[in-house]
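Let the sequences and hints guide you as you build the complete structure.
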Amino acid sequence: MITLDSVTKIFGTFTAVDNISYTIEDGDHFALLGPNGAGKTTIVRMLLDFIKPTSGKISINGVPVSDPESRKQVGYLAEQHLIPPYLSGFKYLMRHASLIGLSGKNAVLEVDRVLEMVAMKGEEKQKSVTYSKGMKQRIGIAAAILGHPKLLILDEPVAGLDPIGIREVRKILENLYDKGITVILNSHLLSEVEKTCKTAAIMHKGKILVRDSINSIVKDGETLEDVFIKYIENENEKLF
Amino acid sequence: MKNFFKIAAFTLVDQMKYKSFYVLLVISILFVLMIRGCYQGEYIVNGKQINNITLAWYVSKIVFQIIAVGMFIMVSMLSMKIFSKDEKDGSLILFLSRPVFRWQYVLGRIAGTWALCFVFMFLLHLTIFLTLWQKTGSPIPGYLTASLVCSINLLFVIVCVCFLSLFMPDFISAVFTMGILLVGFISDGGYQILNNEIAKSTVPSIANTNLALWRILYPKVFMVQAYADSIISQSRLSSMGPFHPMLNLSVFILLIMILLLLSFNKKEI
Numbered sequence: 343m344i345t346l347d348s349v350t351k352i353f354g355t356f357t358a359v360d361n362i363s364y365t366i367e368d369g370d371h372f373a374l375l376g377p378n379g380a381g382k383t384t385i386v387r388m389l390l391d392f393i394k395p396t397s398g399k400i401s402i403n404g405v406p407v408s409d410p411e412s413r414k415q416v417g418y419l420a421e422q423h424l425i426p427p428y429l430s431g432f433k434y435l436m437r438h439a440s441l442i443g444l445s446g447k448n449a450v451l452e453v454d455r456v457l458e459m460v461a462m463k464g465e466e467k468q469k470s471v472t473y474s475k476g477m478k479q480r481i482g483i484a485a486a487i488l489g490h491p492k493l494l495i496l497d498e499p500v501a502g503l504d505p506i507g508i509r510e511v512r513k514i515l516e517n518l519y520d521k522g523i524t525v526i527l528n529s530h531l532l533s534e535v536e537k538t539c540k541t542a543a544i545m546h547k548g549k550i551l552v553r554d555s556i557n558s559i560v561k562d563g564e565t566l567e568d569v570f571i572k573y574i575e576n577e578n579e580k581l582f
Numbered sequence: 004m005k006n007f008f009k010i011a012a013f014t015l016v017d018q019m020k021y022k023s024f025y026v027l028l029v030i031s032i033l034f035v036l037m038i039r040g041c042y043q044g045e046y047i048v049n050g051k052q053i054n055n056i057t058l059a060w061y062v063s064k065i066v067f068q069i070i071a072v073g074m075f076i077m078v079s080m081l082s083m084k085i086f087s088k089d090e091k092d093g094s095l096i097l098f099l100s101r102p103v104f105r106w107q108y109v110l111g112r113i114a115g116t117w118a119l120c121f122v123f124m125f126l127l128h129l130t131i132f133l134t135l136w137q138k139t140g141s142p143i144p145g146y147l148t149a150s151l152v153c154s155i156n157l158l159f160v161i162v163c164v165c166f167l168s169l170f171m172p173d174f175i176s177a178v179f180t181m182g183i184l185l186v187g188f189i190s191d192g193g194y195q196i197l198n199n200e201i202a203k204s205t206v207p208s209i210a211n212t213n214l215a216l217w218r219i220l221y222p223k224v225f226m227v228q229a230y231a232d233s234i235i236s237q238s239r240l241s242s243m244g245p246f247h248p249m250l251n252l253s254v255f256i257l258l259i260m261i262l263l264l265l266s267f268n269k270k271e272i
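Quick mapping for you: the protein sequence lines, in order, are chains A and B. Residue numbers for the first sequence, in our numbering: 343 to 582. Residue numbers for the second sequence, in our numbering: 4 to 272.
Hints were generated in silico from the structure; no laboratory data involved. Mixed in with the good hints there might be a few duds.
[To be verified] Here are the computed lysine to aspartate or glutamate pairs in the EDC-like style, where the Cα-Cα straight-line distance is at most 20 Å:
#1 B/269 / A/577
#2 B/91 / A/421
#3 A/399 / B/271
#4 B/5 / A/411
In structure tokens, the structure reads:
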């Protein structure tokens, strides 16, 4: 279970996240939605302790995120996933395996398993500089799912991919969603979210406008995109 | 603790992947081997011919210091990009998205770089040591111990450059560190010159000049080099102030390391 308790993050004079509190239950597939600058990535970065909240508390399964133990069962895919150019996909994944405590044959078997899942078997020994954006993203997903994490944090997993790449990544993620993992998905692609997530929160200017199951948010005859635009426009009207 | 060693090992492996590392090592060893010609020949100083053993001993002491200075430049160039490169190529996310403490990452990277640079320097010193042994038939006692002593200077440079690179551009942090060393070299070098036996006997009042406090407390990189030199020469080090240069530098390393860890802990990724 992930808990955010009165979390605020201020960068200089800009409030990126404004007093947010919510919990994400185990097994939930939770989508963070919002326009650019809404504070979605800031929340993801705080969950991984890449940045500290100005105030408030965040914990994963009761462990504060400032304790690296909280990341023991967490897989993360960054918005712009990078692989050191001097590493092959295999070596990159072996490093991840090593850092989560796998070694020797166990590490190799686990890396092979995730490579199979993301359809990168046979190309894992190439240097990452030779990979396309889609291939890098698949290796990134492989790293995130290595070691059977209980929580998967995906920050814009299909950003910058072509339609074929998006479909490939979607297929991989759909397979994962059936395995009972808690997923936090930060995405602009509302159609993807509608297909794959159970609950969602719409954020705007650091605040959560609505948080509920997708079925409750989206009424008959509407799409998530319609609801999203309605909320954001309402909020903008209030401001002007 | 395991992750600290893992990250140090990754750092070693990553640095050794670059061909330029081996090219530099080979060039440096060739340079050291080429100057072995200096160990032979007839040199006359003040009308007296210097024997080969004395000559080789002096040359090896000079080369010892040249290697150390060369290493300072190499180490600062290597260290200045540790954090920025990791940030650009995704290594930082790789480590910190896993159950790794930030101190494990920082100290692992520093330890890996230090180990690599130390091995590099030690290989060069070892080459001289063996060459000299082969030429003169007897090893210089303390030569390799002096190399070990100098490794603390390398650690100081790495820690200093890493710390400064958090606040200033990479190259500037390296240049700034070189500047710190240069000031120390001028201050401590001047002190060493004024305190040698010839200067003392020529102008006895010079050596008794009161020293400014900052000169006593300043990082004693040069003095550690002088200490290493005194181990080779088996002579007494005229230390500046009450503290041994090794202690002075250890305190500085510890302080900068603490500041580095505190600053890195606050760093936003």
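Okay, the hints, checked on the actual structure:
1. B/269 / A/577: Answer violated: residue 269 of chain B to residue 577 of chain A is near 34 Å, above 20 Å.
2. B/91 / A/421: 14 Å, holds
3. A/399 / B/271: Distance of about 17 Å is within 20 Å: holds.
4. B/5 / A/411: Roughly 14 Å between the alpha carbons, so the hint for residue 5 of chain B and residue 411 of chain A holds.
The structure does not agree with numbered hint 1 stated previously, though it agrees with all others.
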